[in-house]
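Novice: Take the sequences, apply the hints, and build the full model.
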Amino acid sequence: QITLTESGPTLVKPTQTLTLTCTFSGFSLNIPGVGVGWLRQPPGKALEWLALVHWNGDKRYNPSLNNRLTITKDTSRNQVVLTVANVGPVDTATYYCAHSSGDLELLRFLWFDPWGQGTLVAVSS
Amino acid sequence: IQLTQSPSSLSASVGDRVTITCRASQVIGKYFAWYQQLPGTAPKLLIYAASTLKSGFPSRFSGSGSGTDFTLTISSLQPEDVATYYCQQLNSFPWTFGQGTKVEIK
Numbered sequence: 271q272i273t274l275t276e277s278g279p280t281l282v283k284p285t286q287t288l289t290l291t292c293t294f295s296g297f298s299l300n301i302p303g304v305g306v307g308w309l310r311q312p313p314g315k316a317l318e319w320l321a322l323v324h325w326n327g328d329k330r331y332n333p334s335l336n337n338r339l340t341i342t343k344d345t346s347r348n349q350v351v352l353t354v355a356n357v358g359p360v361d362t363a364t365y366y367c368a369h370s371s372g373d374l375e376l377l378r379f380l381w382f383d384p385w386g387q388g389t390l391v392a393v394s395s
Numbered sequence: 019i020q021l022t023q024s025p026s027s028l029s030a031s032v033g034d035r036v037t038i039t040c041r042a043s044q045v046i047g048k049y050f051a052w053y054q055q056l057p058g059t060a061p062k063l064l065i066y067a068a069s070t071l072k073s074g075f076p077s078r079f080s081g082s083g084s085g086t087d088f089t090l091t092i093s094s095l096q097p098e099d100v101a102t103y104y105c106q107q108l109n110s111f112p113w114t115f116g117q118g119t120k121v122e123i124k
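Just so you know, the protein sequences line up as chains A and B, in that order.
Per my numbering: the first sequence = residues 271 to 395.
Per my numbering: the second sequence = residues 19 to 124.
These aren't lab readings, by the way, just hints derived from the structure by calculation.
A couple of the hints might just be wrong.
On the chain B side, residues computed to face chain A include the following (Cβ under 7 angstroms) [stated by the list, open to error]:
(1) A51
(2) A60
(3) P61
(4) L63
(5) A67
(6) F79
(7) Y104
(8) L108
(9) F111
(10) W113
(11) F115
(12) G118
Straight-line C-alpha distance at most 25 angstroms; calculated DSS-like pairs for lysine-lysine [claimed, not checked]:
(13) A:K283 with B:K124
(14) A:K315 with B:K62
(15) B:K72 with B:K62
(16) B:K48 with A:K329
(17) B:K120 with B:K72
(18) B:K48 with B:K62
(19) A:K329 with B:K62
(20) B:K62 with B:K124
(21) A:K315 with B:K124
Ideal Cβ positions, reconstructed from N, Cα and C, are used throughout, including at glycine.
Specialist: This is the structure in structure tokens:
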């Protein structure tokens, strides 16, 4: 059974760096075709994909966040960390991490499944 | 790739057939998914590869479409289907979501 759990601060001040940790179990991030992504959802708004780290260390980011994101994986600890630099009120959201996989022959992703329960982060002074 | 999802909300009676559409700004292969987000919970994968139903979900849910136009259908709406539904493309980065469709019972 795959599970993911997000952890991090519930409140950060503007201009600070937000660091979130995703701790997972039930799969290995060394397996070809597997990834872990971060997504967020501002209160009452739609989902937004933020970043993805692949099994091979490749990283992808949403360019709309203007290079403020960094994703890293620690395979030995089964963790994926996301940092968001220079946060502002618009970064207030529930942040989710999720397992990604799909076509293991073509090594193409087809889904996020499952998701963690999410962690609500507020940005306020 | 922009995803335009419609309607943004709908209210239907139990037993009604419900259709949600998602239009992509570019052609997408099979790298398309639908998610169900029950109130106050994390999203769950509902359909992947445009038309494959995730195990555990009832067969009243179905997905179809190709190219730029995709559809999620609930053949007979049930009270437990009250949720917001999102489409997502994984064809090319940055992966994107539709704006969501909130489904309610009339």
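Novice: Take the hints in turn and mark each one as holding or not.
Specialist: A quick look at each hint next to the structure:
| no. | hint | in the structure |
| --- | --- | --- |
| 1 | A51 | 5 angstroms, holds |
| 2 | A60 | 4 angstroms, holds |
| 3 | P61 | 6 angstroms, holds |
| 4 | L63 | 4 angstroms, holds |
| 5 | A67 | 6 angstroms, holds |
| 6 | F79 | 15 angstroms, violated |
| 7 | Y104 | 6 angstroms, holds |
| 8 | L108 | 5 angstroms, holds |
| 9 | F111 | 5 angstroms, holds |
| 10 | W113 | 4 angstroms, holds |
| 11 | F115 | 4 angstroms, holds |
| 12 | G118 | 5 angstroms, holds |
| 13 | A:K283 with B:K124 | 42 angstroms, violated |
| 14 | A:K315 with B:K62 | 17 angstroms, holds |
| 15 | B:K72 with B:K62 | 9 angstroms, holds |
| 16 | B:K48 with A:K329 | 22 angstroms, holds |
| 17 | B:K120 with B:K72 | 20 angstroms, holds |
| 18 | B:K48 with B:K62 | 19 angstroms, holds |
| 19 | A:K329 with B:K62 | 24 angstroms, holds |
| 20 | B:K62 with B:K124 | 24 angstroms, holds |
| 21 | A:K315 with B:K124 | 23 angstroms, holds |
In this structure, the earlier hints numbered 6 and 13 are contradicted, and the remaining ones agree with it.
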